[in-house]
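Student: Sequence:
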Amino acid sequence: MKVISLITKYQGIHILIMNLLFTICCLTNVSGQEMEIKPKDQSGCIPYHEKSGRLLLEASYNNESFLMIIDTYCHFSQLPSDWVVKKWKLKKTPYRHSTIDVNNKRSKVRLRLMDTISISNTFSASNFYIRPNKAFNSFEVGILGLDFFNDLNWKFDFRNNEICYNTQPYQLLNTLISNQFDRNTEFPWLTISIDQNEQKVIVDLGAGNDMMIPAGSKLGAYLIEKYKLIPRSVDSGGANKLGGSDIQYKIKLDSINIQGTPVKDVEIIISENTKSSYIGCGILKRGRLYLNFKGDSSSRGEIGLELYKH
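Take the sequence shown: its position 270, counting from 1, is numbered 270 in my numbering, and each next residue is one higher.
Hints listed in this document are in silico derivations from the structure and should not be mistaken for laboratory results.
Quick reminder that beta carbons are idealized off the backbone N, C-alpha and C, glycines included.
Worth double-checking, as some hints may not be accurate.
Stated by the list, open to error - Mimicking DSSO-like on lysine-lysine, the simulated pairs with C-alpha atoms at most 30 Å apart in a straight line are:
| # | residue 1 | residue 2 |
| --- | --- | --- |
| 1 | LYS155 | LYS226 |
| 2 | LYS51 | LYS86 |
| 3 | LYS294 | LYS226 |
| 4 | LYS285 | LYS252 |
| 5 | LYS155 | LYS91 |
| 6 | LYS38 | LYS285 |
| 7 | LYS226 | LYS275 |
| 8 | LYS226 | LYS51 |
| 9 | LYS250 | LYS200 |
| 10 | LYS252 | LYS200 |
| 11 | LYS250 | LYS51 |
| 12 | LYS294 | LYS252 |
| 13 | LYS250 | LYS294 |
| 14 | LYS155 | LYS86 |
| 15 | LYS200 | LYS89 |
| 16 | LYS294 | LYS218 |
| 17 | LYS155 | LYS275 |
| 18 | LYS309 | LYS275 |
Said to hold, decoys possible - Ranges of calculated distance between the beta carbons of each label pair, as one might list FRET restraints:
| # | residue 1 | residue 2 | range |
| --- | --- | --- | --- |
| 19 | ASP265 | ALA221 | 37 to 47 Å |
| 20 | LYS228 | LYS92 | 34 to 44 Å |
| 21 | SER118 | ARG232 | 35 to 45 Å |
| 22 | LYS89 | SER297 | 35 to 45 Å |
| 23 | PRO94 | GLN180 | 17 to 27 Å |
| 24 | ASN257 | ASN174 | 14 to 24 Å |
| 25 | ARG232 | LYS40 | 17 to 27 Å |
| 26 | GLY295 | ASP82 | 33 to 43 Å |
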């Protein structure tokens with residue numbers, strides 16, 4: 001029950017996590033000290049857990065297990081510093097990390113290191129540095145960001161509750177929804193279209209809902225005006241002390257287009273707080289999701305969504 005409560009809380013403050021975690025830790029790294037991921041084999045499949053619409057993998061450190069949420073809207077993996085430092089008495093390293101708090105106050109702190117953690121008994125992650133983040137410290141679950149994924153190619157098979165990996169790219173010839181992205185500068189993304197209004201949306205496996213767009217975007221303003229949507233105040237999972245309250249609008253559309261392909265029955269949340277648009281697991285689970293990070297190009301990545309027929 002504790003894990004379910006924590007994941008539900010993560011769902012409630014996902015906007016806050018995106019905005020703060022993106023600023024505080026996701027755009028910065030320790031120069032020359034990137035996390036290194038090594039799989040046991042060149043290809044394989046691993047099962048995942050699902051809580052509150054999100055995907056989680058089991059990890060372990062010093063023979064103790066914990067869960068990590070898969071979040072493709074974060075560059076770097078993260079564990080809550082207060083929890084892991086207290087639990088394992090991690091020592092500080094010489095490396096300093098620049099942080100920005102909710103009041104835009106900048107500071108530098110010395111990082112702590114977990115030398116190697118195991119993920120799903122299949123991957124070893126070395127150089128796992130702990131970055132302080134006040135918005136994230138109330139959790140006892142971690143985040144697996146793009147640094148976990150970007151040296152392999154992946155297939156998310158939601159019907160079989162497994163994630164497959166391969167050193168060779170997956171073929172996307174038969175996928176109806178596909179796109180390319182710059183893996184050095186961009187998150188995986190797709191384009192949606194509603195009434196000929198287009199919007200770029202980040203593919204966010206850390207979000208359990210269908211879709212969220214900013215109220216200040218052209219599409220957000222269009223939907224609010226067209227459907228005369230009524231705003232509602234949302235308490236972001238108890239994170240209001242960190243500015244986690246939000247004004248949101250909600251609408252369910254019969255159909256939208258994603259990369260020119262119709263997708264039916266989509267619920268969209270329009271948020272005053274969020275800075276970017278994303279498509280979440282509510283839609284992604286309607287098909288097999290492919291993420292190719294390693295292929296012929298060192299900079300180009302590929303994303304594909306093969307919708308289930310039934």
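Student: To test your reading of the hints: which numbers does this structure violate?
Tutor: Violated hints: 1, 3, 5, 8, 12, 13, 14, 15, 16, 18, 19, 20, 23, 25; rest satisfied.
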